[in-house]
Every structure is written in structure tokens, then in C-alpha cells.
Amino acid sequence: MGKYIFKRVLLMIPTLLGAAILVFLLLRMAPGDICAVRYLGTGMAISEDQIQLCREQLGLDKPQLLQFFDFVWGYFIFDLGTSMWTGQPVAHEIGIRFELSLQVAVMATIVATVIAIPLGIISAVRQNTITDYVVRGFAIAGIAIPSFWLGLMIILGLLVVTQAWFGEPWMPPIQFKSIWEDPAHNLAQLIWPAVATGYRYSAVATRMTRSAMLEVLREDYVRTARAKGMTEKIVINRHALKNALLPVVTILALEFAFLMGGLVVTEQVFNLNGLGNLMVDGVERQDFTMTQNLVMLVVIVFVFTNLLTDLCYAWLDPRIRYS
Amino acid sequence: MSKYARFALALAVGTGLAMGASGPAKAETPKKGGILNFIVAAESPSYDGHKESTFAMVHPTRPFYSLLIRVNPENPSSPTDFICDLCVGDLPKPTDGGKTYTFKIKKGVKFHDGQTLTAKDLEATYNKIIFPPEGVSSVRKSFFKMVESVSAPDDETLVFKLKFASGAFIPAVATPFNYTYSAKDLKEHGYDWHEKNVNGTGAFKFKEAVAGSHVEAVRFDDFHMAGKPYLDGYKALISRKMAIRVQAIRGDRAAIEFRGFPPKQRDDLVKALGKEITVQESDWNCVLLYTPNQGRPIMQDPRVRQALTLAVDRWGGSQHLSRIAIVKTVGGIAFPNHPLAATKAELVRLNGYGTDLKASREKAKKLLAEAGKAGLKFELLNRGTDQPYKIVGTWLIGQWRQVGMEVTQRVEPTKSFYNSLRKTKEFDVSMDFNCQSVVNPIVDVSKYVGSAGNNYANFAGKDQELEDIYNQLVQEGDEAKQREIMRVMEKRALSDMAHEGITLWWYKINPHRSYVKGWKIAPSHYLNQSLDQVWLDK
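Residue numbers (the numbering used here), protein chains in the order written: chain A, 1 to 323; chain B, 1001 to 1538.
Please keep in mind that the hints were generated in silico from the structure rather than gathered at the bench. Small disclaimer: the values here were computed from a predicted structure and weren't measured. Hints may be right or wrong, so weigh each one.
Mimicking DSS-like on lysine-lysine, the simulated pairs with C-alpha atoms at most 25 Å apart in a straight line are [stated by the list, open to error]: (1) B/1207 x A/177; (2) A/62 x B/1423; (3) A/177 x B/1205; (4) B/1423 x A/177; (5) A/177 x B/1235; (6) B/1241 x A/177.
Based on the provided sequences and hints, a complete structural model is requested.
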């Protein structure tokens, strides 16, 4: 196992290097630069000298090879550089948003798991019944409804309902407070995006659970278990579910990795100061240092999540061995 | 009564009317205490007023600083009503034929760190703004082209010597970005220190900032205006999405957004909250233009450009677009209703401003035919922002189609839009805008001159007559003559040569919680943001 993990970690290096080259080049291929965005967007008469001064101060006038070397070297000396927009260290900018993004990702994963696995099982066990149709309808709606629309409807719904019931409209807080600092405020803000995201996420997982369960329930070992006189509960939970979970775990893990940097729209709808919003800002402002590092962070999260998922397979299915 | 005073009075009455049901503010006794939560739609790269040009910097940080002079917070809709902030008494009258301004500086003004302000601090501040050392950024130094020197002969006197008398000087000094820094801070910490640090003499002190989230401030007890500020503090909450900014006011997570909302959002808030919402409205010192690219052969013939402006129904557009977009007023190159702006009688004489639309469009068709460009095909470059760019751009295309032009639209996000406009110059006609803070028409109209840094029509060096007219305007001290020259310039830029076409001037709409008192709308979202006079009626 140790040897396997070591090999996988080594294989990450070319993956990360490839991602670094790609993101570096793609960012610089886009038209415009951060200095133009910073000064021209307000319509003021800014001289070309002023723009050039800005470029020099941000190091954009250096040769691109040197810029790439600085970017990669930063990982070896644990210095991610400074944001070209705010002038703050990138590690600090990511750090203040990481907790929020991680919490939303964890909460959404919990919401998705709590919804998806029971519904997927019920739907498979009661295949082609009314219950199955309702669950499938619920899942398809989850995939079809954009989470930003659902988010807006949640906020509007809260405003309208609270105004009708209590006379004063209420909406979730728009400023983040850590769960350790103010749990009630924190949950009042984050429960809604977790539900909006978790619902869509659960829809995919529900359909996967259902199809995996249907496949496993037709296996010989399930028939054997039933023939041995085991109760349906034991057959489902112990024999079928554990084997059906492999693809579900893969889906959940990939979605979790995606949520760490990809909650762009939901974060905007709920005004969450998370990594998704930071990514959007970075791209819009052409803040190269910020965007490069955020993309690399997402790549690293994906690569490690994949590794953990593979390791999880062995726990779920003892027949899987790593070498 | 001077033209300026009459204008101030008219605008004050107009603003009062625009406030609708809320009516003109009665004299109420301000209440002390409370935290004002307001929304800001973007995040500033830094806190340095001399370096930045965005409202996202002004709204959270202006209350940290004082200015030498400022727009009168009791009458901010007037473009000429300036009062002393750090100076004493009335604004000084210029001497030496209008070439010397001597300001007496308030005594005992404290910086937040306890330093005492003197004229030397203002001298250092203005020298940084007007004569920045090499490598130091100052984006508004061109506003002060008329200044020869700034000096502080003693701790209470600040003297500006001008190269020539100019009506643009006082408004330039009142620009809200001219934050007063301590000479000691500049000397000891360097010229970049204020990008990330705050030490001003304003009504509020910096408390906390979380990137991407908020800036928080508390009252400064040693503020130089007795009894102020009324608030205990404020919190500027960053929210990028308009839907959330509107709902935040509805759900009382914030009381106000100082930049403004479109008409639909105003109506939604009023419908949902009734008298708990107060609406203030004003003409906005921003104008939406279209700019034909004279680098392209199809736009080089003035008859084609005249046809573009003749096809546009500005009076009708004002009526209909103002229901859905943040534009309203028909105007020329100077801020509408300003003493230097054209009256309606003067405007209708320009191509494209006539009230007989049918005749204008017939003339447009005739000019196109004469130029051999009947059925002209071109592309309109537009910025990927709904309000007001995409809405007005789409309307413009409809207007041009009425005279047989075939126009397509290319919408680009801000960064590539500016890249196309400024660097690659790959456009036939582009949407464009001119947005300023203090109403200073003489400086603001520099946009229409081919050599201006923010003129993208690509005719630099090809219209010396217009350059000469503008230079004459800048150096003219007499108000009546300034007005005459402004008309000549307007006719040349918009009508005869039709280098640019003005669509409509922006219109600022600020719906806010009715418990916010003491804040009055100004013709710019950069103005009247010191917050020292704001209080909460809760």
C-alpha cells in the first residue's frame, strides 16, 4: 500500500507541471491585462505611461519564461506570490476563504449523501412503482434546475414568507462568520447554499445509487443471500449496498473536489466570500498570480481526492488490492 | 443671482421633486449612534485615493479622510457649491489675476494616530498628486495642468500658484479622491504606504477589512467637526450581484447602496417595502456615447457619421429607456442643466437632436446616399454589462436600422472590450462612456478632443480646429465666454464632424431604507461620501 501511494504521489508531479504550463499560457493568451481593467473601466483619461508604470510595478514587463519560473519556484519555497489586484499574499487571500468553501462543500456533501443514498436504494428496491417514479422525478428536477435559480428562489421565498408571517422580511446574512465564532449566524448563512447545491449534487448521486443498486441486486451473491434466508434489510445493507457504493463514492468525491473551487454561481447568489468568487474575480481582473494559484489548488484537490477515492475502494471491496 | 446660483436652486428643487412621496427633508434633530451597513458592488485594489479611480475605493474609504475643500453635503446636487473641509471660512478668492489661491488651514485637526495636521501635510499631499516623483502613480495629475506650484509658507497657509487662471481649478481641488495624507507618513513610510494602510483626519477610523467581504470603521472621537459624526461606525459590505444587493436592502442586511439601481429594482423595493424605502434621484455625471472608429474607411466620411447621429431618436429614447435603464436626460457635451450646458433650444439645432424625427431620418438617408453608403453595414462593439450598455446598444441598433443600416452587435467582457477599444482598435463603432466625479465641464469635455487619452475615435491630429477650440476654452476665465466656446465645441464635435454621438446621460436612482437620514444624492456616485452628516432614525 505504501509503495502504491508513493508511486501515485510521484505521478502527480507531471500532472501538476502540465496543469501549471497550461494555466500559465491560457491566462496570457486572453486579451487585455490587469492594468487596463484597473484604470480604464472607470472611463477616466489615463495615459499610456500610467498603464506602463502599473505593468512594471506588477512585473508584467518581465519575459514570460521568467514569470513562469517565478510561479513554479514559488511552490518550492512555499511562496505563492502576491495578488496583482490587492497586493496581499495569495496564501492569505486563499486562506481567508478556504474555511467557508470547505464548510459549504462538506455541508453540501452531507445534504447530498443524506438525500441520495436512501432515495437511490428505495428507488431501486421499488423499481417501476409510484415511489420510483417520484424519486426519479425529484432527481431529474435536481439536475434540471440551475442551482443559481434555486438559490434566488430560496432567498426570495424567505423574504416573502417572513414578511407575510412576521411583518419584516428576513434574508440570510451576507457576511461570513466562522462556525467557531458564531454558530447560529454561520448556519443561518450557509445552510441555504448547502441545500441549493446539495440538492443538485444529490440528484446525480441518487441516480447513480439507483442504477448501481439495480445492477448489484441482480447478482448471484444477492440471490444466494436471500436463499440462505437472510432478511431483506441485511441483504440490502450488508450485501448489496456496500458493493453498489463504489461508483457512488467516486461521484461524491469528484463533486466534493469540484465544490471546493467551482461553486461560482452559488457563491455569487448567496454573497459568499469563497474560493469560487475569488476565482471569478481573478479571471475578470486578469490577476494572473491569483488565478494560477487557484487553478493549481483545484488541481491538487482533484488529484488528492482521486487518490483517497482509490484507497477507499479497498475498504469497500476487500477483493481490491493495490500494488 | 448668478447663473451658477440659479442652476443650484433649480437642481435642488428638481431633486426634491424627484424624491416623490418622501418630499423635501424637514429639519430633524440628528440622533447619535448606530452602525450603517451599506453595500459596495466591487472591491478596490487599494485604499490609496491618489492612485485609484473606482467608486469601490471611495465608498468604503472616503470617510477616513478629509479634503481641502469638498462638495457641500447639504447641497451636493449643485456643481458649484463647494465648502471648506480642512480650510477655514469661505473659499478663498483668487488673487494675481486669478493665478494665486491662498487657503487658511484649520488649527488643531488630528490624524487618527494623534499627529496634528498642518499646511505642510496638505503641501505634501498636493505635491504627490500634482507632481508625483518618477515611478509614483497619480491618476489625476492631469486635472491640475494649470498648477505651477504648491507651497506652505507656514503651518496655517497653503498657496497654489497657477500658470493661468482657470475655472477648472476649484472643482479639481474638490475631487473626492484628493485624500489628505500626513507628510510624516509619506516621508517615513513611502508613497505606497497608503495602498494598504489608513491614517486620515476623517470622521471614521479604520477598524477591520476582510478581502472580498467588508471594510469596517468606527467613529473618530477627535474629528475636527464638533458633534460629528453621528454614527458609531459603518460597515461596507461587498456584494457583486445586483439581485443580492437589492434583496439585502429589502431584508435589511444593508440600508443603502450608494452607486444606484435601475428603475425596475427601485420599483420592486418600493412595492415590497412602501414607506420604509425612500428614493432619491438625480442626473448623473456620466454619459453614454457611441464612438465611430475613424481608423476604418467606412467611418471617415463626416456625412456617414452625421447620418449615425441623425437616425437616433433621443427625445423618444429618453421617455422609453428611462423606464428600464439608468439613462434619461438628453444633453450635449456638458453635464445637463449646468450653466455651461446647452439648453433645449440650443440642442435642437444640432444634428440628431431635432424634434422632427422623420425629417432627421430622411436627411440621414440622403447623406448616406450622397456618401455612397446607402445600406451601410457595420458592427457595434459593446461592453458585456447590462446597465446601461447592452440595453442602450440594442436600442441604438434599432434606431440605425430605421435609416437602412445593417448593424450587428459584438458584446465583449470589460477587459477585452477595452483591449479592442484601446489597443487593437478592432471595431467599426463602439459604445463608450464618460463618467466623472465633481462636475467640472471644462475638464470633463476633454474626452471629445482627438488627442485625449480616453478618446477612442482615432482622429488624433486630424481635427486641429477642435483642439484649438478646446485650448481656448481651458484658458478662458469668463463664464459667458466659456459658454459660447462650449457651444462651438459641441457643434463641431457632435454635429458638424460628428466624431462621437451622445445617446443619453445616465440617471442615478438611490432607493434606501428610510431610516438613513442626512445623506443627499449628488450628481455622481463618487461625491458626498464622507458620511459625517449621516445618521440613523431608528
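Consistency of the hints with the structure:
1. A threshold of 25 Å between alpha carbons decides the hint, and for residue 1207 of chain B with residue 177 of chain A the separation of about 16 Å falls inside it, so the pair holds.
2. Using a Cα cut-off of 25 Å, the hinted pair residue 62 of chain A and residue 1423 of chain B holds, with the two alpha carbons roughly 20 Å apart.
3. Distance hint between residue 177 of chain A and residue 1205 of chain B is fulfilled; the C-alpha atoms sit about 22 Å from each other, no more than 25 Å.
4. Restraint check for residue 1423 of chain B and residue 177 of chain A: the C-alpha separation of about 43 Å exceeds 25 Å, so the hint is violated.
5. Distance check on the hinted pair: residue 177 of chain A and residue 1235 of chain B sit about 14 Å apart at the alpha-carbon level, within 25 Å; holds.
6. For the hint pairing residue 1241 of chain B with residue 177 of chain A, the CA-to-CA distance comes to about 20 Å; that is within 25 Å, so the pair holds.
This entry does not satisfy hint 4, going by the numbered hints stated previously; all others are met.
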